[in-house]
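2 protein chains.
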Amino acid sequence: TCMYGRYTQELGVYAKEEAARLRESGQRRSVSDRSRTLDLLEYDKGRCAKCRICTVRCQKFLISRVGEDWIFLILLGLLMALVSWVVDFCIAICLQAQKWMYGGLDSNVFLQYLAWVTYPVVLITFSAGFTQILAPQAVGSGIPEMKTILRGVVLKEYLTFKTFVAKVIGLTCALGSGMPLGKEGPFVHIASLCAALLSKFMSLFGGIYENESRNIEMLAAACAVGVGCCFAAPIGGVLFSIEVTSTFFAVRNYWRGFFAATFSAFIFRVLAVWNRDEETITALFKTRFRLDFPFDLQELPAFAVIGIASGFGGALFVYLNRLIVQFIRKQKAINRFLMKKRLLYPALVTLLISTLTFPPGFGQFMAGKLTQKESLVTLLDNRTWAKQGIAEDFDYIGHSQAWKHPQLNVFVTLVLFIVMKFWMSALATTIPVPCGAFMPVFVIGAAFGRLVGESMAAWFPDGINTDGTIYPIVPGGYAVVGAAALSGAVTHTVSTAVIVFELTGQISHILPVMIAVILANAVAQSLQPSLYDSIIRIKKLPYLPELGWGHHEKYNIRVEDIMVRDVRYITLNCCYRDLHNVLLTGHLKTLALVESAESMILLGSIERAQLQSLLSQQLGRPRRLEYIRERAAAEKKHLSVVSNPGSEDGSQRASQEVRFQISTEESSFSPTRPVPQKPLKPALKRPSVVERPTEIPTGKKHTYLHKQLQTTEFPNSRLMKQSERKGIGYLIDPKGDDGDVEDDMTIREIAEWEEKQLDEQVNFNNCKIDPAPFQLVERTSLHKTHTIFSLLGLDHAYVTSIGRLIGVVSLKELRKAIEGSVTVKGVKVRPPLASFRDSGTSSSENEATELHKLWDRHKSMSLPREHTPSESDEKSQ
Amino acid sequence: TCMYGRYTQELGVYAKEEAARLRESGQRRSVSDRSRTLDLLEYDKGRCAKCRICTVRCQKFLISRVGEDWIFLILLGLLMALVSWVVDFCIAICLQAQKWMYGGLDSNVFLQYLAWVTYPVVLITFSAGFTQILAPQAVGSGIPEMKTILRGVVLKEYLTFKTFVAKVIGLTCALGSGMPLGKEGPFVHIASLCAALLSKFMSLFGGIYENESRNIEMLAAACAVGVGCCFAAPIGGVLFSIEVTSTFFAVRNYWRGFFAATFSAFIFRVLAVWNRDEETITALFKTRFRLDFPFDLQELPAFAVIGIASGFGGALFVYLNRLIVQFIRKQKAINRFLMKKRLLYPALVTLLISTLTFPPGFGQFMAGKLTQKESLVTLLDNRTWAKQGIAEDFDYIGHSQAWKHPQLNVFVTLVLFIVMKFWMSALATTIPVPCGAFMPVFVIGAAFGRLVGESMAAWFPDGINTDGTIYPIVPGGYAVVGAAALSGAVTHTVSTAVIVFELTGQISHILPVMIAVILANAVAQSLQPSLYDSIIRIKKLPYLPELGWGHHEKYNIRVEDIMVRDVRYITLNCCYRDLHNVLLTGHLKTLALVESAESMILLGSIERAQLQSLLSQQLGRPRRLEYIRERAAAEKKHLSVVSNPGSEDGSQRASQEVRFQISTEESSFSPTRPVPQKPLKPALKRPSVVERPTEIPTGKKHTYLHKQLQTTEFPNSRLMKQSERKGIGYLIDPKGDDGDVEDDMTIREIAEWEEKQLDEQVNFNNCKIDPAPFQLVERTSLHKTHTIFSLLGLDHAYVTSIGRLIGVVSLKELRKAIEGSVTVKGVKVRPPLASFRDSGTSSSENEATELHKLWDRHKSMSLPREHTPSESDEKSQ
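Residue numbers (our numbering), protein chains in the order written: chain A, 1 to 877; chain B, 1 to 877.
Take these hints with a grain of salt, some might be off.
Intra- or inter-copy, both count: the list cannot distinguish identical chains.
[Stated by the list, open to error] Here are the computed lysine to aspartate or glutamate pairs in the EDC-like style, where the Cα-Cα straight-line distance is at most 20 Å:
| no. | residue 1 | residue 2 |
| --- | --- | --- |
| 1 | K812 | D106 |
| 2 | K784 | D795 |
| 3 | K373 | E607 |
| 4 | K784 | D69 |
| 5 | K156 | D795 |
| 6 | K784 | D770 |
Because the hints were derived from the structure by calculation, they are not lab data.
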């Protein structure tokens, strides 16, 4: 007993300590933990209590740590590094297998061709089929979707485990085929998937992972990890992900991104060292350019030319990509055929591309036998290929030999490579497999840069510098510049410059790269949207276009010029009929609630679904049965106490009481048994729910009535049809199991009853109201509106003037205004008189008059109120 | 005449074309241009019309271009590059002069010492005095101030030309003295000054430079330019400026920053090439580390140690810096003495530091003769100084010789350098001259890294790699890592890593640098605020602390837990007395306007100043004179038409009419001559304005009255005193020149009149009301509140519940809540019952009851309204 006593005492002290410590930590967690400790005290008075305490302590420690951001970020980084490395490894094996097959069959060209072509076709077809079956959301880059998700829009099924599996396997197969596809876009998506799944998994331990804004922050960090572990470029990854996915960026996220991306890149490179691929941690595509004199000042014009040309090229690439998609969509015959055989299009495209790159065939003129990685390594080589236009003295070693053709000049090979790869990449990225376009574009850019560099080297064989020392021109530097410029132009980012430095491990060309990237961006941004924005438009994702730079007319447009003045609203004292009418005509997801139609003071906004459930409750069967029951009771009462003169008043009070019950609790319709609440939600989602009762045999009479209702000429039948047409489903409880009351109402009676119900005033008590929807003032500038919309991820905002609702601006209006003012430069978006409102005095006058009205109204209203002392009496009750 | 005719015709066509073109461009500009063209048509029918047309055309083209952002950014970049280069040039000359003096006097050590010490003392004293006299705002780094300005707070005099001149000249002198000071912080400020001045200058041509949000965007770009042209580091500059100045960053600004910073860095480096300092464009502190094997994987722990140690060091630096400032402030004796002789403190500090660095003295043990730049160059050298602990085989060339001491080990020199420079830099940055702390910290970090690197090199003389090839350890790489880590720790930024790459021109150490910087940040951020935040706190600038990372309790605090429930508000039907009382008790800059005290529906917010002017109008002398005039007129009327029974009604209507006049136009008090409006503004600013009339001889009687007013026991005298105490100045027009009416009211009459005036209802018509102040809901989380406050740069926000004002949150509450939850970890900020509000149902109930009240009120209000048809009649009138 002494032992027991000691243990329990110890446990008691421990429990106290625990309780004290737990009091300090979060409450939610403490409750569960304390109960666990208490459980322990009750049951575990056995001998392994000490051991258990230890376990609990460890568990608690782990749980408390799990909640920290950095644990999450480290796990995410580790996971993504592993995924990236495994994917790279598998891709390398796939590519090696193809080469091995191709090399082994060198006796017969036809067999070689078959092997060269069949392999990618099979892989791509498998990839397309697999993603199509498992998760069609995994198709494509994923950056446009992530941009939309980070904007606050919920895209269904984009962050599930299925999508993760489909994306990883699909991507591996697609890249293993050797097509000109990239892994960087999909990796942004994969990292976000990882983060979403990881945070779901970790929310099993702690409660904080359920917070929405935290989730968005973690997704932003995940995007950085995606790029970071793909290129082993932490800084470039963070910046690229910011530029590509965000409009406004919280600097505190920046931190998270850096931490996770660095860790991820580190692990990714360490894995390569451990696998004996590398001797130490270095850049992915290490260059060995001259350090002391990287380039001459007089070479800068050439770099600028690369930048400008890349700008045009990038715009052309985006345009070509969109053109192909639109062409296939528009050509109905092709479309119909392809839709039937979903896998035919990928197979055909792959066949075409792989046929053209077949090394003994056309491929010999465009270094077709090199994989993407090999091409890039050779293009970034620091030796000059051509001197004085002749490829004679070029020391071809390793893969660089592929660029040499006995008959052709190296320039021709490069031009062919650029031209062919250009349209091939644009075509290949339209295949419905998980794939990105960054890497192919990067390689094309490098080739273009190399071409310019080789030309420069041929033009100035002894370099440009006139100071004595001969510094020959480094065409590899030009390739670096070209790669950064073209990928920057296609994605509309500047951070490709940083990615390039991290990829090559050299920053000596920083100024040429920066200049070229900025010029390329300036050209491309003025011609085309970015590739991701283009895809967003093609996919019709909900987006908000960027304010271009230099479009300063945006500062002069005001909200009042673009807002919709005809706002759908409901008043606090409206009846159900108004609700019904408003629901039929509007289209926004939420509706404004104003005090009254005269005052128009905005009180809040209500979701459409809430209003629909209000209506369905009012017109639903339970309420009708309740009515029947009440009527029967009243009749009985009337029969029994018919001589009592106070009966009318009593019944009135009773009905009021029932009314009150309804307002406080939903289940008060049938006091004996709660109304089944389950069908409410699905019923609201399904538009054709009205027809559902026909399938359920228990509600036969109901069904019959309903069918008649739908065929008769009564107004509420019209009402039902209208609702159906507009996709509004009122809940009509299909389970007619309130058997204690007989539904003996005729159709006419029901119609009359419904009409009566519609005339009642709406009771908003059970309704969830957003009490502070976002409000703008009529004189808010378009620029500020855009800022606020993209900052806060708004869908719409109400425009108020001294508390009065005067308009609404949704994403649509904003988009129109921005696009209108961007594309049609000559057309003014402002109404002719708008400039007169600019002066400060007029606005204050305007406000003053508004206020004056309000004041007048107030005065006239306050007078009668003083005459009614009943109000204060009511309140004091 | 034919000639004339032709010209005019041509001009007419031209004018038409012009008009058509102008119609398309901005209206404001077009008006001025059109008038110019018309002027041309009228006056210039002479022979040089053609020439003039050309000029006008060119001018117009230039003006239209000037409005574009990129012109502005290029000009800014160019200007800043020039400033940076000139400042660098002058600093170099100053330092050379010191060396020359010191070198020339090598015969006499005492003279040498005098020269060594006097030179910096004179320069620093001049710098301190110059900035003190011209613009005291130029003192210090400027980054804290820029952070505050970008947060939306207007700091006076911080962006003026005077400050620009003071900062540039003060900085040049301060750095020319050779003290351990940096130029990077001041350059951020200088670039912002440049941008502000440039935009002011360019607004002479176009109108768009007046937009506030655009100005903020340009300032953000300017900060990037500042860092970019200081270090020739465009990418690092952009990132550093983002991290240091912003909480939320618009990606569209990122673009601007990159563009301007790249251009600026380019010009800055090109100037060096043109000046024959450099052969071509390279990095500022170019390193020549090995490319193929930069570091071994097993060296990473050493890098991590540097990171962690730098984290502690950085926190210590910030703490030391604050300690010194606070010590000097607290020691009243010292403080009083130093305040008298403002230049003594800089002189003393300089004397101390320069004495200690005197090369033949203690300076020989700490490489005292090297300038900051020279030290950095030697520290980043790629050769090893020490092998096996002996500095024998170190090939000392150039400045590196300074590190060698015949008696001392190189390790001791390094340790002494680090320790001495550490406190010297912390001390030197407290001198009131324009100076930054980045560069000194950077150098100390490099020295620390070098120390670790040399130790490693001594420990592993043959390198760590076990694979056969000997790769000796590169201590220069450690120096790079240390520099980035320590400067990152002091400033709480990660982008120092990028700056380091751009400064050295090598990115091969990216992973060690990133790891060290992140570790240093993690340590430093958990110990101390950043140097800039520390200065913000010392200077008591209005700031909002950051949400730390990992402090996830912030997601659980709601606005209702931190808001002030006792809101000062004014109602629409309040009288002037209420206004007066509210002004006396409140402290916020704006006051909430609600519909009525019962409904509490928020209509908008009014600035304090507006209310003060309302009150002063109501109680001011013009109004009283008006009253006297009216009374006199009424008396006359009464005397003349005493028998008319309708007179009372008439006079009432008259007074109402006057009331109406007042409400529409301010000058209607004295219809013959407008009331002088000028003294209104200064009067409101000055708290003691009530006493001002005593100084003006014209208002003698008024003054007398006032003096009496202030001594008598009347309530309004008390009122005056109260106003004085609270710093509220009512305008009492000092010019008593309304001589046409005799101010014959006695004191008692005035008091009575004022009392009567105070009981009148406030007329808000002339008041500027912000109709949509920012609103939060009571359940908004602290995290979201912080986000919104920092996103939108708010000062306060009202908390509403279904349109009803229930509380207010200002920056103060938010700061308290954040700091409370950050520093006192155990204390919960939430009230005990807050967790119960977390579940969804309770909140909707809460909302429902709120709404219920509103609804009841509405019902009770709508009933009497129905009984009063007069209202609608009134409206139809």
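Against the structure, the hints:
no.: 1; hint: K812 with D106; verdict: neither (60 Å within a copy, 78 Å between copies)
no.: 2; hint: K784 with D795; verdict: both (15 Å within a copy, 17 Å between copies)
no.: 3; hint: K373 with E607; verdict: neither (52 Å within a copy, 64 Å between copies)
no.: 4; hint: K784 with D69; verdict: between (33 Å within a copy, 18 Å between copies)
no.: 5; hint: K156 with D795; verdict: within (17 Å within a copy, 38 Å between copies)
no.: 6; hint: K784 with D770; verdict: between (23 Å within a copy, 16 Å between copies)
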